[in-house]
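Q: Here is how the chains run, residue by residue.
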Amino acid sequence: MSEQALSASGREWRSETVSLGMWVFLLTEVMFFGVLFLAYFHVRHGDPEGFGIASRHVHEWLGTLNTAILLTSSLSMAFAVRAAAEDDRKALLRLLIVTALLGVAFLGVKGTEYFLEWNDGLVPRLNFEYAGPHPRTVAEFFFLYFVMTGVHAVHLTIGIGAVAWNALRARRDAHVARREDAIEAVGLYWHFVDVIWVFLYPLFYLVLLYR
Amino acid sequence: MTHPPEWLLPAASEGAGRIDALFFSLLALTGFVAVAIALVALVFCVKYRRGSAADRSDPPSQLKALEIAWSTIPLVIFIGIFVWGARVYASLYQPADGAMKVFAVGKQWMWRIEHANGRREIDELHLPVDEPVRIVIATEDVIHSFYIPAFRVKQDAVPGRYTGLTVTPTRVGTYELLCSEYCGTDHARMGGHVIVMPKAQFAKWLAEGAPAGSMAAQGKATFQRLGCTGCHDPRSSLHAPELAGLFGRAVHLQDGRTVIADEAYIRDSILLPKKDVVAGFEPVMPSYQGQASEGDLLELIAYLRAQ
Amino acid sequence: MSYLTEGFTLGSWLFTKDHKRIGILYALAITVFFFLGGIAATLIRLELATPAGDLVGADTYNKLFTLHGVVMVWFFLIPSIPSTLGNFLVPLMIGAREVAFPRLNILSWWIYVLGGLFVVATLVLGGVDTGWTFYTPYSTMFSNSYVVMAAAGVFVVGFSSILTGLNFIVTIHRMRAPGMTWFRMPLFVWAMYATSLILVLATPVLAMTLTLMAVERLWHVGIFDPALGGDPLLFQHLFWFYSHPAVYIMVLPAMGVASEVITCFARKRVFGYRFMAYAILGIAGFGFLVWGHHMFVSGQSIYAGMVFSLLSYMVAVPSAIKVFNWTATLYKGSIEFSAPMIYALGFVGLFTIGGLTGLFLAALAVDVHLTDTYFVVAHFHYIMVGGTVMAYFGGLHFWWPKVTGRMYPETLARVAALVMFFGFNLTFFPQYILGYLGMPRRYHEYSPDLQLLNVLSSAGASILAVGYLMPLAYLTWAMFHGKRAPSNPWHAKGLEWATTSPPPKDNFDAMPEVPRVPYEYDPRETPA
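Chains as they are written, first to last, in the working numbering: chain A, 41 to 251; chain B, 11 to 317; chain C, 552 to 1079.
FYI, nobody ran anything at the bench for these hints, they're computed from the structure. All C-beta atoms in this analysis are idealised placements derived from N, C-alpha and C, irrespective of residue type, glycine included. Check before you lean on any hint, since a few could be wrong.
Counterexamples of contact, computed for chain B against chain C with all Cβ distances above 10 Å [stated by the list, open to error]:
(1) Ser81
(2) Pro169
(3) Ala231
Covered by chain C, per the in silico footprint, the following chain B stretches (three or more residues, Cβ under 8 Å) [unchecked claim]:
(4) 145–155
(5) 191–200
(6) 209–218
(7) 240–246
Listed next, the stretches of chain A that the computed footprint assigns to chain C, with coverage defined by at least 3 CB atoms under 8 Å from CB atoms of chain C [stated by the list, open to error]:
(8) 142–148
(9) 231–242
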């Protein structure tokens, strides 16, 4: 069956199928990140105070800015999904571009943070000059920080690629409603990546606030 | 490698008999079940082979009562086996009061043993018969597993922590000591013998090869060699926690927790001094990671225990 | 025109989106790895024929058993039934024309091949010696072999598992033919569904765990090495959280095959269909809660040990139900001992022995003696080789006419099944005794007192090898020269038999009727 031949009911069926596939995929992602969160809590439980001290060395205002950027991008993504359902090509294009740009902005801020942390000598193994209390825990903290935010950034990069690709295809397409299944799936993925960040943010930036 | 003369494995510890009792009970039970299932299947296969004249009217496709029965009966039996296994298991880890202590440190690819009086041996473990022994197990490198088949006991040696087991040898003789967790090239050659001796003979053996001092005395020497006295001596001008009488005592920590000063605590305090800082003290102690070997640590613990 | 004649170019195979062709691509690929792992096994058993380490050195031996484990677990057993028979049959059995995501399906095969190349590269460079379990800190700090390369292979192949599982879940949810309700699905499809859930939920845990291990090895920072403030037991918990359910990835599909074959050749509806379906789900669910029974002597708390022991007995109950129900299915049947049936009955027997000896290992105190010995080796080979591989061959023969459109030589196939059954028992039964006598696993030398049992085991292995080579020869022959197969040579009831052999590209020329319930066999109507 070619995509063009799909009737409206067939399109809806296809869209639900793709959504289910994306949900199952996100389930694997939950387990994938679950390992990292488990590792985080295991190490943190071993030395809670060391974690508090380590988290003083991240740039919490940059982290907060990034949280705001990503939450905004989720909003524009949600509107993009609605625009696709309503077959509103112009709005869809605009919203997808905004979403992708916000994603790029997030990566830019994240890169700045990595750069600052490199200058502060907080990168375990490569450039680690921390000499205060709890040095081992601080090293573990930053190990987890780079791995977890790094894996998140990789996911976000894939998301930006998917959004951009859908924007390109929507540009050439008269009936964007035909892309509804793909755009809905990308939307689910985007929100998931956002939710992961919503968990990462307090775990790395707000450790001391509730002590 | 010598092996016990008997074809079947000798049972040479108190726990061995109990573990064998469970093992052979399970063997009888599972053997019975396996044979019963095989017989029933065989009878069906013969009786209902294609072309036989057997009655095939009204074949059942389900019988709720039967299915519930053969779900719940195994469940009850399984819970029984679980309770039996768990009770014997717990007894292996029960620290017997007044048990003599032996320390075993795994290292690629040997077991180093140290007795409380300081006598050391490699790949051999001498033990007195009918005396409960607490074996404390550590490792210098990778995971090993301390395995004495004749005693039916096995315990992994895990980097960074102490593990242990309690065992009471019941038969004089020589038994195999093995490593049962894969640890690299010579894994298969790691190990030696456990030699169980009559009590008097063991006491003599223990005394004759003893070095100048007990394990605690060697610990004292190590204590001085590593420079611990510089701060922890009561006369020291530096402010460090008093160590006399520390072992087994409750310690209040800076972050409000209270811990019992056991082997693991002392080990951590030497290697990771910033992890559990005693209340009222500055976290100024350096880590002795890389300077104190697992053997040194065990001696230091013995020294502090004797203080 | 069948799916086989739809195109003859290499590209029409390598880039196909047809689930049937993909099943065949997988079958070819895993056969290569089965024999690679088999060569390693042969060398291991040859070495162990004598107590001294005389055939290969200690390091080579360690690399051999690691290669055997890595290849057999991840490149043969896990994809064995799901990716070959599962890919071929799931759409046919539920009356679908394709899987939900055909492009992801061929992608998963390519990912498998890529993962396989990593393993071949590891082997060519000089191998890996950590054991398939990759325990830290040996793997991170001490091994001088190609650990990261091997882990990368396992990591990559994991994504092929995930994509296959994802495809099956969505296919079974969304693509069932009208009338094919959940409780009209064949048990093979239920087994595939449960297996897919495990693939999707457990595999990512392994992938991330191995990633962390590899990072720690490369950079010397991480969370598993105590010298760096980490915890080696954390690795074991994460590893077994995947690797215990992985056993059910291997054995649930085998149970599905056995249910299809036994009902067909006993001409009986499966006894207690609903209980069988629930048992499959129960095994998959409880399978996630028992990983700690691999760690009773690892230094985890004894209370954790007790919880895991109790839960392990819970997972044994549905397994017992399945064995009882297969046996009861034979009652008042009309039993024909064709080759697939011999394989399936062999599966039930060997799985039963493997399962019953699992009761020993779940009993805490007994496990203290038996864990890390040959008793464990024998136990899991009974489940994974005696169980899964027997069922795989049973399924291969049963659906061979459907897949290739040709019959296999029946007598040779029966002989091969019996040779395999006998060879298997001779190889692995002595290992139970070796384990009780205290022979640890992964030893390349052992006490001369244990030689008799080891020689028996090695002799059995050579018979087993013959058993495995026979189908390779006669099935290859049958592929080109076998008798033409009719649409339904076994007079079986599944939807896959309602189409031609081999099926057309879109599976069905006309949509088949969905029966009321599966397995509507009647033992009194004996097929001609």
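Q: Give a verdict on every hint.
A: Consistency of the hints with the structure:
Annotated as non-interface, Ser81 (chain B) brings its C-beta within 10 Å of a C-beta of chain C; the closest such distance is 6 Å. Some Cβ of chain C comes within 10 Å of the Cβ of Pro169 (chain B); the nearest lies about 5 Å off, and the non-interface call is violated. Listed as outside the interface, Ala231 (chain B) is consistent with that label: its C-beta sits roughly 25 Å from the nearest C-beta of chain C, beyond the 10 Å cut-off. Taking a C-beta to C-beta cut-off of 8 Å, the segment 145–155 of chain B contributes 4 residues in contact with chain C, enough for the three needed, and the coverage statement holds.
Check on the segment 191–200 of chain B: 9 of its residues sit with their Cβ under 8 Å from a Cβ of chain C, so the three-residue criterion for coverage holds. Against chain C, the segment 209–218 of chain B contributes 0 residues with a C-beta closer than 8 Å to a partner C-beta. That does not satisfy the three-residue criterion, and the hint is violated. Counting residues of the segment 240–246 of chain B whose CB falls under 8 Å from any CB of chain C gives 0; the rule of at least 3 is not met. Given a C-beta distance limit of less than 8 Å, the hint that chain C covers the segment 142–148 of chain A is violated, as 0 residues qualify and 3 are needed.
With 0 residues bearing a CB less than 8 Å from a CB of chain C, the segment 231–242 of chain A misses the requirement of three and the coverage assertion fails.
Going through the hint list in order, the structure does not satisfy hints 1, 2, 6, 7, 8 and 9.
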